[in-house]
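One line per chain: the protein sequences are E and C, in this order.
So the first sequence is numbered by this note's numbering: it starts at 1 and just counts up by one.
So the second sequence is numbered by this note's numbering: it starts at 295 and just counts up by one.
These are calculated hints, taken from the structure and not from any lab test.
Treat the hints with care, since some could be wrong.
Listed next, the in silico DSBU-like pairs over lysine-lysine satisfying Cα-Cα at most 35 angstroms (straight line) [as the list claims (entries may be wrong)]:
(1) 187/E - 403/C
(2) 312/C - 89/E
(3) 188/E - 511/C
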Amino acid sequence: MILEQLINGLTLGSIYAIVALGYTLVFGVLGIINMAHGEIFMFGAFMGVVITHTLQLPLALAFVVAIAVTALLGLFLELLALRPLRGKKGVSHLAPLISTIGVSIFLENLAHHFFGAGNRPFNTSFSEISVQIGSVTIYAVQLVIFAIAVLLMVGLSFWLSKTKAGKALRACAENLEAASLLGVNTKKMIMMTVVIASAMGGIAGILVGMAFNSVTPQMGLTMGLKGLAIIILGGMGSVRGAMAGGLILGLSETMIVVFGESGYRDAIAFIAIIVILLVRPQGLFGQAAPEARR
Amino acid sequence: MLSVNNIQTYYGNIQALKNVSIEVPQGSIVTILGANGAGKTTTMKSIAGVLKPKQGTITFLDEDITNKNPDELVRKGISLVPEGRAILSGMTVLENLEMGAYQRKGSIKQDLDKVMERFPILKERQSQLGGTLSGGQQQMLAIARALMAKPKLLLLDEPSMGLAPLIVKDIFQIVKEINEEGTTVLLVEQNARQALKIADHAYVLETGRVIKSGSAKELLKDSSIKEAYLGH
Ligand SMILES: Nc1ncnc2c1ncn2[C@@H]1O[C@H](COP(=O)(O)OP(=O)(O)OP(=O)(O)O)[C@@H](O)[C@H]1O
Ligand SMILES: [Mg+2]
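Bound conformation, chain E alone (with noise of 0.2 angstroms):
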């Protein structure tokens, strides 16, 4: 029991860390909380039950289809949303944040006209299939989700330490206007950003999809704060600590059950972050002072 429970929060928190990254990366270089990220989540999710549902074709192409379209969303988001509020004389700092709430009412809206307000099946083939060792019964779709998950996780390290453009982007998370003296084209850097962050969570969508076999167009709201919490356990703009995060949110939600309190889940991982916070203000992973954001 504790095994398979283990297992399952290792599945779920890979999945949590997906999405907190989608709102570190953001974070990190535009210091705006997107408040859309859930929402285009929930369009990813969505366009697996198109495609392996509705459609009936196979779950890869469902993988390429909401990426393409969150990338897509995520690039509307930042030329329509982002964009034309940013460096602008007296707006507001929290005018992004408001425009990014305004965005993903819009998809909430958008997604119940498009696939009803009720829960839509996905469809994965290998849903089914499972080893048993022992007692625990583990089935294959949680080990092909926690593969893609950490696949992800290592590429996006790679990416970030030793990649030209990851490196171009920690600089920009850091600091725009140095970044843009060495050479960088900041608003290129900005839209790639927001558009791979994105994308993040269209993959995200579609784990979720896989591991819970339902969605709603409401899925978006519930994981945005999950998110949310996790990067502010884990350290604003911190990719390491979207990762730890996520798993350890993930692992103390069905660590819970396990102890016959499945009632409180959602509340003891929350009092488990307040309690985290209490002795680390900035998160696991944070800069104690906020002076490196300069």
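Start from chain E and add chain C with the ligands according to the hints.
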């Protein structure tokens, strides 16, 4: 090489530059002097494309660059080492240097070796985070990083700020060497005497205007300059 013609630059409604014109001939060192708040940094940022002048023009190698962005100007050969150095503190010394060469294509190995030879401390500390260097080391890194872009015109905004006299001497020596190797330099300094000693031409700014300009030799002897900026 660079000519700034009657530029006016604003921060919102506040006019920081009222009328600034500066000529930087190829191969020279030109220095801008002036009290705190005179508009020196604003002038540098206007040239580097961080701020856009409302009026006036800036030309570089006979091309109008007035409304270009910093990254385009780096490509054209203008690099600014900003006031405060803007070291990427969460990235290593080596990564900072690599970022300096961001616009370049092809191998940068040779130039990395060259700047590390000039600044041995950077070689020693190459895997250390930029933010953990001392002030003087950070200034060396900032200059080295700008050189990695192979600029034709190097803009330096108060490179000696906050440094011990011995390090300041090093910095001025380095600026002179960089210039002798063929890079044109525009230097903003509070350290007027040393700046005038290595410069060919100088401009004095006061509340957003050029109030005096001439050869560095002349200004070193100028009595009003002596009184206001040379301390006697
Ligand atoms: N971000 C800003 N917003 C509003 N006003 C500014 C801003 N930056 C500078 N100023 C104003 O513009 C004027 C020129 O400032 P600038 O930084 O160019 O001076 P400086 O000559 O570089 O001074 P220092 O020697 O202290 O570096 C000053 O009056 C300053 O108050
Ligand atoms: Mg200044």
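Structure-based check of all given hints:
no. : hint          : verdict
1   : 187/E - 403/C : 28 angstroms, holds
2   : 312/C - 89/E  : 20 angstroms, holds
3   : 188/E - 511/C : 46 angstroms, violated
Hint compliance for this structure: hint 3 is the single one not met.
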